[in-house]
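Trainee: Below, each chain spelled out in residue letters.
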Amino acid sequence: MELIDFGAVGLALGILGTSWVPWAVIIPGLFAGLAGGALPGISGTMIIALMLPFTLYMDFFTAVMFLTSVFTGAGFGGAIPAILINTPGTTASVSTAFDGFPMSRQGRHNEALGIGLAASTIGTFISYLVLFLLINYASWAVLKLGPFEMAMVAIWGITMIATLRGGNFERGILAGIFGLMIGTIGIGPTGQMRGTFGFAELLDGIPVVPAMIGLLATAELFNLARSRYIVEKQEDRVISFSRILQGFAGVREYWKTLLRGSIIGVFVGAIPGVGASVANLISYADARRVSDDPDSFGKGNPNGVVASESANSSSEGGAMATLLALGLPGGGGTAVLLAAFAMHNITGGPRFIADNKDIVYAILFGNMVQCLLLVIVGLLFIRIAVIIVKVPILYLVPSVIVLAMAGSYALIGNIMGPLTLAVFSIVGWLFARYEFAPPAAVVGLLLGAFVERQFVYSHQISGGDLSFIFGRPIALVMLALLIASIAYPAMKNYLRARRSLRVG
Amino acid sequence: MKDRSFLAQLDRLGPVLVTLAVLILALAYMGDAYAASKRIHNLIMLVPMTAIVVVLAAIIFIKELGFRRIASRDAEESAKPPAPSGDKAGASASAIAAMMMGLLAYAMASPWIGFDVASILFLVFCLFIQGERRLVVLAAFSIPSGLAVTWLLINGARSPVPTMIVPGL
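Note that the protein sequences, when read in sequence, are chains A and B. Taking our numbering, the leading residue of the first sequence gets 1, the next gets one more, and so forth. Taking our numbering, the leading residue of the second sequence gets 1, the next gets one more, and so forth.
This is chain B alone, in the form it adopts within the complex (with noise of 0.2 Å):
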């Protein structure tokens, strides 16, 4: 049975939105590189390739939301067995997407919280995302991991890099 959740039908258009957003990147830079400057060698490249991508998701557009293509697919689909959520032995594609968000939070989170204390936050969340719920194994693991490679950064490569534990530069 065809899946008509929200998501389901969200993933049914990433390449559609995914293009829409390229488009809207391309669009968005072309206009500030003409405000920026009218000159022709600052244009020389974007001009053409800004057309590139209109051309481009144009066939996109008509490709994915024709309705030859929804219908053909539509059919495919329901012919294919339901994609299965997740390996059973690993993360589930939620735990995957929440793992991602995860990772932009712990970006984020760097400057405010320092790398050090992020980087242990961050592989305890992977850690238990991923099922691992033993707190030994869960403090174990990410607190020595996330102050050795914290140290290694500041010591080796010389980086002032912000920490709440680690001694930096």
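So that you can see chain A by itself, here it is in the shape it has in the complex (with noise of 0.2 Å):
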């Protein structure tokens, strides 16, 4: 098997160069991500969603150029309300706003913003250019991976989120299987109702955004209303497009988390379901456990930013790797990029990349394109939207609130979406002030009916004899994995009450 086919290259910049339309989309397709990604409440997957209907009258690669500039702008938007006020705009920004909004309180927003948007373009444009190199051989290792492995991968990526953030142990782990727990309620693997407790309104689950929305970003919203403004000091509160960009040229001053992060999150994005929600948590969870300052992530460490946005970004090539190599949506953005192939009658899979490499080439080489293009596009978004720090939060969360109950509405189609939001908030805000890891049950959430799955069809393989384990050498390693994950932090936690018990 070659690295790359050098013809298929010719081929693909014949596509790119054939007609003016695919690049005529690319900037409002960023807009509309960037816009649907920084509105809390209109996830990147819906905006993706809202967008699909346009495409309908275009041909295959400008609907897929279309789509995929909205992916990227929405990669990025997500971090915006997470730096500004500590709400991700989707799952995959959770982990921007641990040290993304901590150094807006300090007057760091246009930096942190900067940053952000640098390690995105960069990360994408990493994983793009990783993917070019690898699309080859993407589907063979793909398909190396079991369910048993992907529910290790899932389990570990969420003991990962329940320690990375120094906080209560026990009550970490007990969030995430919470979430894991509720993630799975409704119809189970036997089409048997469970945990609906007679409310039909649960028979497809618990609504995960409007949940995620409450547990995150509401419940921080509450907490924000104790003070005036996001940034206190009015000194700090200017709109610097200089400083942005000076946060932008910074991000050369954290290579190492940018490299690790995009590395990190295309392989934890090529894996199908978990993508960038895991991505930029697992990502943030490294930077901080190879940094020589842990203590300082949570509190406003821009390596914090670079971690989360770099990898969050880098996931969409992966997630791309896995819809072309496989036809498997690696999470929601991808699975309407699949409902596009499917509009245009054409299946993603082993086959769609052996017949139609040029066509794969010229997606790449088009999105590697939307990451420069993200880089102006994104700063004149930015420019729009820091203006959000001038506004008093006396005005500022209510507002907020209210468009996020308005998007959980819309995404729901019922009351359940508000209800939903409304309830998960105050479990988010009991969450938060005990220490019990919010992200975590988040992530728990998301991954529940999917690591059921995985475990239901790893049972079906191996006929219930779990000997099979040892047979599988990538899912022994994962499982060391998660026992190293889980013992580490309890093992400290014990010497050091030990330590303090004779110190005392």
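Accuracy of the hints is not assured; some may be wrong.
Below, in silico cross-link-like pairs of lysine to aspartate or glutamate (DMTMM-like), each with a Cα-Cα straight-line distance of 20 Å or less [said to hold, decoys possible]:
1. 390/A <-> 220/A
2. 492/A <-> 64/B
3. 63/B <-> 11/B
4. 390/A <-> 132/B
5. 357/A <-> 5/A
6. 492/A <-> 435/A
7. 256/A <-> 295/A
8. 357/A <-> 59/A
9. 63/B <-> 435/A
If you anchor each label on the Cβ, the simulated ranges turn out as follows [unchecked claim]:
10. 339/A <-> 169/B: 21 to 27 Å
11. 63/B <-> 392/A: 38 to 44 Å
12. 290/A <-> 28/B: 39 to 45 Å
13. 28/B <-> 144/A: 38 to 44 Å
14. 242/A <-> 66/B: 54 to 60 Å
Non-contacting residues of chain B with respect to chain A, defined by C-beta distances greater than 12 Å in every case (computed) [said to hold, decoys possible]:
15. 5
16. 6
17. 9
18. 135
19. 136
20. 164
21. 165
22. 167
These are computed hints drawn from the structure, not numbers from a lab. Here the structure is a predicted model, which means the values were calculated and not measured. Note that the Cβ used here is the ideal one computed from N, Cα and C, for glycine as well.
From these two lone chains plus the hints, build me the complex, please.
Mentor: Structure representation (structure tokens):
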């Protein structure tokens, strides 16, 4: 198998040069994605889905270019409210808020946004570059992951998230398990209703996006109401294009985090069903783990923003690899892309790559150009969006909550959306107050049904014989990683407690 | 001096109460799933997860309710300066609690009084509770905002939301 098919590369360049139409849709797509990602409650997936009907009269390549532009824009758009109002626009930006918002509170919002945009664009570019080099091998590698491995990756991700913020270990894990459990409410694998307690509205499960906004965003918004402005000092409330640019250029200081985050994002993003929601958190945990000053994370360390944004953006390339190589969506955004494929009678998968390598390369090159354009469009968009720091919190908090309520109504289509948001806001506030790691609960909720399906498939494959795990080396490595990630913090806590007892 | 009010004691027991709520929910869900179907595929994840919840809850209860823990925490807390009841500039803790209850009421009232009116009332309530008393400001901010968001929801997202003022789909 050759690394790059240069004949197909030539044909791809031919496709890109044939018409101006695929280029013309990139900038509107990026703006739509940035706006969708930036509005809490209007997720990236939702904006891509809303844009899908516009591609009906486009040819396949133009449609893919438009939708991937929306995807790329939304990838960074989610970071803007995460940094400015601690409200991740999408699940992929959860850990961007961990350090981005403290930076805003310190009056460093311009720098945080600039760094976020740079990490996002470079991360996306790296992912497509890696994809270009590895696309021939991608389908082979992903096929090696069975359902048990996938379940292990997801549980490992949740464990890392539960412990990554340095809070209470047992409560963090409990929150993750709670998320996993409620993520399976509804129709179970055997077709029976479970955990609905008579509410027919829960048959499809707990509405994930409103629950996520409630757990992470609204709960924090209530705490924000204690202040008058997001940025307390008036002199720090300046919107400075030059500081945004300085932040953008300053990302080179964090090149190690950027590179690690991008690589993590590509590989985690390639795992179907996991994607950017987990990639940003794993990358954040990794950056904190290798840092000389892990305690500075969560208090405005730019490395946290770089780790999160580079991973969530580069996971787009990984998810595209799975979509193109296997025809499996890595997340919500690629699921909509899969629908666009179907609208044009095209099926992704190993056959698609083999038969249409020129189109695949053209898509990858087109996406690399999108990254470069995102720099210009993103800077313009930030300039408008950053005005939010000048709005008094008195007006900002209720307005954002009403917008989020409207978004949850639009998403679910009935009262369950706003009701879920309200209930989970209270749960999120309680979880945050008593160190129960709300992000772990969110990721558990997102992956609960997925993990359960993987357990069922594993049982079906093995026939209930547990020894089948010993014949799967990747599964064993992942199991070891999972045990280590649980045992290490527990051991550390135990040793710390012993030491303090001895000192006392 | 240590705060011995009911709310402060409830706050100290917060981790235990939240853990208890999670434990009850997990056991109730497990029971409901078991009643629905005893087949292995229905319980393959719920049984181990419930077992982990039980173990973790036991650890948290022992840690939180253990005598040594309470004694050391009491010592820690008496050494700390009293927690502020709220930022002077922003909303107090009780105002935040009221806003959370307001959010719940907002969601529940929407089908009855319409999303538009519920949004306006929620905005007025939040502004009022955060200290805004000028009627003109309350009305000038809440009414256009509530109506605009509802209009966008209906005409932008094509959502069939119940309304009282804004024409629905």
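Trainee: Next, verify each hint and record whether it holds.
Mentor: Okay, the hints, checked on the actual structure:
About 19 Å separates the Cα atoms of residue 390/A and residue 220/A, which keeps this hinted pair within 20 Å; it holds. A threshold of 20 Å between alpha carbons decides the hint, and for residue 492/A with residue 64/B the separation of about 19 Å falls inside it, so the pair holds. At most 20 Å may separate the alpha-carbon atoms for a hinted pair to count; residue 63/B and residue 11/B meet this at roughly 16 Å. A C-alpha spacing of about 18 Å is found between residue 390/A and residue 132/B, which places the hinted pair at or below 20 Å, so the restraint holds.
For the hint linking residue 357/A to residue 5/A, the alpha-carbon distance of about 8 Å falls within 20 Å, and the restraint holds. About 18 Å separates the Cα atoms of residue 492/A and residue 435/A, which keeps this hinted pair within 20 Å; it holds. The straight-line distance between the Cα atoms of residue 256/A and residue 295/A is roughly 19 Å, inside the 20 Å bound, and the hint therefore holds. Taken as a hint, the residue 357/A and residue 59/A pair is honoured in the structure, with Cα atoms around 18 Å apart against an allowance of 20 Å.
With a CA separation close to 14 Å, the supplied pair residue 63/B and residue 435/A stays within the 20 Å bound. Between residue 339/A and residue 169/B the C-beta distance comes to about 24 Å, which sits within the given range of 21 to 27 Å. Distance hint check for residue 63/B and residue 392/A: the Cβ-Cβ separation is about 42 Å, which falls inside the suggested range of 38 to 44 Å. Between residue 290/A and residue 28/B the C-beta distance comes to about 42 Å, which sits within the given range of 39 to 45 Å.
For the pair residue 28/B and residue 144/A, the supplied restraint of 38 to 44 Å holds, since their beta-carbon distance comes to about 40 Å. For the pair residue 242/A and residue 66/B, the supplied restraint of 54 to 60 Å holds, since their beta-carbon distance comes to about 56 Å. At roughly 17 Å from the closest C-beta of chain A, the C-beta of residue 5/B stays outside 12 Å, upholding its exclusion from the interface. Residue 6/B, annotated as away from the interface, keeps every beta carbon of chain A farther than 12 Å; the closest lies near 17 Å.
Separation of residue 9/B from chain A is adequate, the least Cβ-Cβ distance of about 14 Å exceeding the 12 Å criterion. Listed as a non-interface residue, residue 135/B keeps its Cβ farther than 12 Å from every Cβ of chain A; the least gap is roughly 15 Å. In this structure residue 136/B is separated from chain A by more than 12 Å, as the shortest Cβ-Cβ distance comes to about 14 Å. Residue 164/B, annotated as away from the interface, keeps every beta carbon of chain A farther than 12 Å; the closest lies near 15 Å.
Every C-beta of chain A lies more than 12 Å from that of residue 165/B, the closest at about 15 Å, which supports listing it as non-interface. Consistency note on residue 167/B: stated as away from chain A, and its beta-carbon is indeed over 12 Å from all of that chain's, at 16 Å minimum.
Checked against the numbered hints given earlier, this structure breaks none of them.
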